[in-house]
Amino acid sequence: EPEVTQTPSHQVTQMGQEVILRCVPISNHLYFYWYRQILGQKVEFLVSFYNNEISEKSEIFDDQFSVERPDGSNFTLKIRSTKLEDSAMYFCASIITSGASTDTQYFGPGTRLTVL
Amino acid sequence: GQQLNQSPQSMFIQEGEDVSMNCTSSSIFNTWLWYKQDPGEGPVLLIALYKAGELTSNGRLTAQFGITRKDSFLNISASIPSDVGIYFCAGLRRAGGTSYGKLTFGQGTILTVHP
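Residue numbers (my numbering), protein chains in the order written: chain A, 5 to 120; chain B, 5 to 119.
Be aware that a few hints might be false.
Said to hold, decoys possible - Here are some, though not all, of the chain B residues that point toward chain A, as calculated from beta-carbon distances under 10 Å:
no. : residue
1   : Q10
2   : P12
3   : L37
4   : E45
5   : G70
6   : P85
7   : G105
8   : K106
9   : G112
Hint data in this document are derived by calculation from the structure and do not stem from the laboratory.
The beta carbon of each residue, even a glycine, is placed where N, CA and C say it ideally should be.
Start from the sequences and build out the full structure, keeping to the hints where you can.
Set out below in structure tokens:
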């Protein structure tokens, strides 16, 4: 069964460094998301992306964050200058944009980001 | 913003028992989804509900989309040890225009099943 994949599974970085988290959405999905989950808390929406532009973003998604679809398969989240509070699991999700199940979001396994 | 209240926060049950958890909101949602998350992994979709009043089953799991569109419950029958994990409800509200909406998650229910 097709699935969302994410790399790396774990990223450790120093505060102030830039990180890029990578996702490969399900191949026929056209609408993509990033969510994050701070340890022990609920999953929170960061940003959605469609047709090469941001569709919606939360207040968490400030100027330090950016997203890109650099080619036909990858979807990336960049954090320009990481802070300690950026430490979390980051999940990519995607949906198909036609048919009866357009609301069903499929999640990747996540990248655990640790900022030291 | 939209808030989902999920209860209970945790459950400790014996293998074979039935489990029920629910989510309520002050806002209307277009879709309700139930996910299970194992430690260190991503949420895995269990059941998707698209219409108010809809009752859907997936094996031992049954979920319903409340008539008011502000609540949903998930039942697990005859629990087994591999049911252990964190269960999240998530509501989706379409923002209109070109947006397909975003998920608002509940706080999760931690399920422990004793053999």
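Original post:
Against chain A, is P85/B within 10 Å by beta-carbon distance?
Top reply: Nearest chain A Cβ about 22 Å off; hint violated.
**OP:** Closer than 10 Å between Cβ atoms is the bar; does E45/B clear it against chain A? Give me holds or violated.
**Re:** holds (6 Å)
Subject >> Residue hint G105/B, partner chain A, criterion CB-CB below 10 Å >> reply: holds (7 Å)
Subject >> Interface hint status, Q10/B versus chain A (Cβ within 10 Å) >> reply: Holds. Min distance 8 Å.
Original post:
Given L37/B was flagged as interface, is its beta-carbon under 10 Å from a beta-carbon of chain A?
Top reply: holds (7 Å)
Subject >> Interface restraint verdict for G70/B against chain A (beta-carbon cut-off 10 Å) >> reply: violated (16 Å)
Subject >> chain A contact restraint for K106/B - C-beta distance below 10 Å >> reply: For K106/B, the interface hint holds, since the closest Cβ of chain A sits about 4 Å away, which is under 10 Å.
Subject >> Hinted contact P12/B with chain A - closest CB pair below 10 Å >> reply: violated (15 Å)
**OP:** Please verify that hint: G112/B, Cβ, nearest Cβ of chain A, below 10 Å or not.
**Re:** holds (6 Å)
Of the numbered hints stated above, those contradicted by the structure are hints 2, 5, 6, listed in ascending order.
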